[in-house]
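Trainee: Listed below are the residues making up each chain.
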Amino acid sequence: MPDKGSKSINTDQVKALLKKNRRSMKLRLAACAGCTLCAESCFLFMKKGKDPQYMPSYKVLNSLGKLYRKNGKVSRADLEKMRDLLWKNCMLCERCYCAIGVDLPRMIAFARRILRSQGIDGSYLHSLEAQGSKGE
Amino acid sequence: MIIATKKQLEDIKEMIKGYKKVLNVGCGGCTSVCLAGGQKEIEDLCTQLTICLKGDQVVFEINGFTVERQCEPHFLEELDEIVKPYDALLSMGCGAGVQFLAERYPEKPVFPALNTLFLGVNKDIGWYEERCKSCGDCVLGMTGGICPNAMCAKGLLNGPCGGPQDDHCEVDNEVPCAWVKIYERLKAQGRLDNIMKVCPAREWQDQVQGTLVLEAYRDRYAKKDK
Amino acid sequence: MGVRGMYELARGPLLWLAVVVFVAGIAYRIAELFFLTKKKERVSWPKRGIRTDSPEERKLRPILSFQHSLIGKHPVMAIVSGVFHLCLFASPILAKGHAFLLRQSWGVSFWSLPSSLIDVLTVIVLLGVLFLFMRRAMLPRVRAVSSLNDFLFLFIAAAPYLTGFLAYHQWFEYRTVLTLHMLAGELMLIAIPFTKLSHMVFFFFVRGFMGSEHSIARGDRVWSA
Amino acid sequence: MKSESNLEKVLNQGIFAVTGELGPPRGADANIVREKAKHLKGRVDAVNVTDNQTAMVRMASWAASILLIQEGLEPNYQMVCRDRNRIAMQSDILGASALGIHTMLCLSGDHQKFGDHPKSKKVYDLDSIQLIDMVRKMRDESKFLSGQDITQAPKMFIGAAENPFGQPYEFRVHRLAKKVAAGTDFIQTQCIYNMERFREWIKQANDMGLTDKVYILAGITPMKSLRMALYMKNSVPGLDVPDWVIKRLEGVDKKKQADEGIAIACEQIEEFKEMKGVAGVHLMLIEWEHKVPEITERAKLLPRPTCQ
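Chains A, B, C and D, in that order, are what the protein sequence lines are. Counted from 1, the first sequence has number 31 at position 32 by numbering that gives the first Met the number 0; the numbering is strictly sequential. Counted from 1, the second sequence has number 83 at position 84 by numbering that gives the first Met the number 0; the numbering is strictly sequential. Counted from 1, the third sequence has number 156 at position 157 by numbering that gives the first Met the number 0; the numbering is strictly sequential. Counted from 1, the fourth sequence has number 265 at position 266 by numbering that gives the first Met the number 0; the numbering is strictly sequential.
Simulated from the structure, these hints should not be mistaken for lab results. Since the structure is predicted, the reported quantities are computational estimates derived from the model, not experimental observations. One should not assume that every hint holds.
The calculated DSS-like cross-link candidates involving lysine-lysine, where the alpha carbons are at most 30 Å apart (straight line), are [unchecked claim]:
no.: 1; chain 1: A; residue 1: Lys87; chain 2: C; residue 2: Lys46
no.: 2; chain 1: B; residue 1: Lys53; chain 2: C; residue 2: Lys72
no.: 3; chain 1: C; residue 1: Lys72; chain 2: B; residue 2: Lys20
no.: 4; chain 1: C; residue 1: Lys46; chain 2: C; residue 2: Lys58
no.: 5; chain 1: A; residue 1: Lys49; chain 2: B; residue 2: Lys196
no.: 6; chain 1: B; residue 1: Lys196; chain 2: D; residue 2: Lys202
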């Protein structure tokens, strides 16, 4: 069970999860040519002034990509940065287009799963809404 | 997820005929996921309508804008400024989204571009199936996780009618009989007792508009009334 | 070891190594993709639910398909990228020099294009690389997802073409340039299966075999992991 | 006695009962009902009056039932769950009882998709078992489904249908048990052709003690022709027509097929008369009512008793 209160990251647990889908995820990460053609398929990218932080590939490379690059050795601060990318910047509507065929939503969903294992999830968005923030 | 599908283009044209400037509002929620009302479909419909309605003599402008979800007020706030110059709105959200838009902009005619079909699952890409009637009184625990209300053509609660043919529904031989499935699943789980007793008439919960205020929030809204 | 020694090495064992690694690497990637995916269970489509478009909608379909396509969405990028990738494949395969070497070594004859045409293709590749480089360096959104590696791979992709161009025009010392050309080509062959350049395999496999909203072909496979 | 039903009296006296069936017309002509009734009069103990069968609009079954009463027949008023919610059902039951209808049959009903208004809104507020339960409650407890009191309870002899050939087979007898538990007094079965399967089902019902609590009338529909047999075999949901029936009809001249169909039916009736757990037969001769005299005669079901 994820322990929400604890500050430390269970690296072994993260590593074990990363290992689970290592081959297919790394293959996808490797295939990404960084062409950014996926950007326009994300409606959030389009309505947030084409901010690169909303690009599907950006979200994936800086969450799941980073987790693999660092082989799970990440700090809570790292994960919290990813949290914004994975929950605030993505509705997981699964409509992103990749010219090469990388299925980005699956990768985002997998990254979310890893974060959840460390007690980090999208529930913070509700408190943002309750405070009157528009999630900007 | 709510499953919807686009109305026939002719019907949409008929609805918005005569309006010069139309805003086509997409939804990033369910209708995006079921490939009916996301950004891509918004673009498609704008293109189709522009080709069909715009003529040499006819002024017609349509623009698209996709919000996160049409069923939440704070996602619609963004539209308040945007909608101002438009004569009419077209919504590619589900029925709830259309109504919430119309409620927020009562002076603007709002038209549905989709038909909302059901609460269902994504069987495969582009293939959806109904699973839930949102009856408000779930019996899935008794029926082995198969809804007799949604999956049985007659919504029977006490076992199959006389008609299953080769384990399929008498109404449509492509549809498996819900009660045959319920029986088989409960049998496999050793829980057939569930359906051996007479299930009494249901107290339907869906005759009036559904409203839900959570216990924890009750005081909040009670105060507002005073 | 002098230039001559390097040349012999590049011409002989290294070429073999590169070709073997390339072929084996590609085969490995394809095998891996088959391993990581599985054939979808065949299910008959339920007739009852099919939504049919009206004739008018059907008539407009080509326009929408165009709009959805890369060329409709990003015309410049699509054309540049398309032409670039085409030349990238065509020029080495159809170069006269390569055909000559092939015949000399293995006695296999292969089609080739006039050298002057190959020269043009090579220039297009180099211009394409330049375009991609500028894009990566200048556009904020591309920079946002670029690392040093991305520039390095651009260089790896450009090197064989640049050296080939120099060799063909016999600028600089021919044998040195030719040796560099062969080494660069070998490096690229080795790099393709194991780096970002593996998108070559991925693209064809996934857009062709995998079922998704964006599949080009029917797509009757799904990821199993 | 639970009701003033003639059928109940016949069954209570242990007489092998015979019921017939009559489909109301697709029009307001009472004479059609009266004409059909003539064939049935004196030959059956009660006549099922179908309720918009196959979801085709027809004269209301209670109205046709009243016409039968006027003709001196006992109607078995059918009610389906497809078209009415519990309010309409209860009010119809009160009305039927007030007009002298004493026997009713509770059914789910054919889906509206089969009928002439396939896109009408379906009701199915209750299912057939819940309907049985409701009628029993109205009769025995003098209460509406809501629990409120009825000033005068409708005294109905409650019937239900069961299909021994429906799937899943093993559940069928349990579904019968549910209907018995809900309060049904008699059961009319789906048309029987597969005798083997029926024997098995009735044995299960006997073993479970159900036949002590409920009268079972075996459903009979003689084949008019080979074509009808093939249609019933291939196209009618929930029917089980074994090959021997087809073979026997194939074996005779086309003109003799109807005769052969009736012969088969008579053989079946002979067996049912001896079969433990079977209290009578239900003859379903839709649009073939004029053959009732012949069949009842040939099957030695006449004369019918007059019970007081």
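Trainee: Now tell me, hint by hint, if it's right for this structure.
Mentor: Hints, verified against the model:
{"no.": "1", "hint": "Lys87/A / Lys46/C", "result": "39 Å, violated"}
{"no.": "2", "hint": "Lys53/B / Lys72/C", "result": "22 Å, holds"}
{"no.": "3", "hint": "Lys72/C / Lys20/B", "result": "24 Å, holds"}
{"no.": "4", "hint": "Lys46/C / Lys58/C", "result": "23 Å, holds"}
{"no.": "5", "hint": "Lys49/A / Lys196/B", "result": "60 Å, violated"}
{"no.": "6", "hint": "Lys196/B / Lys202/D", "result": "21 Å, holds"}
Hint check: violations occur at hints 1 and 5; the rest are consistent with the structure.
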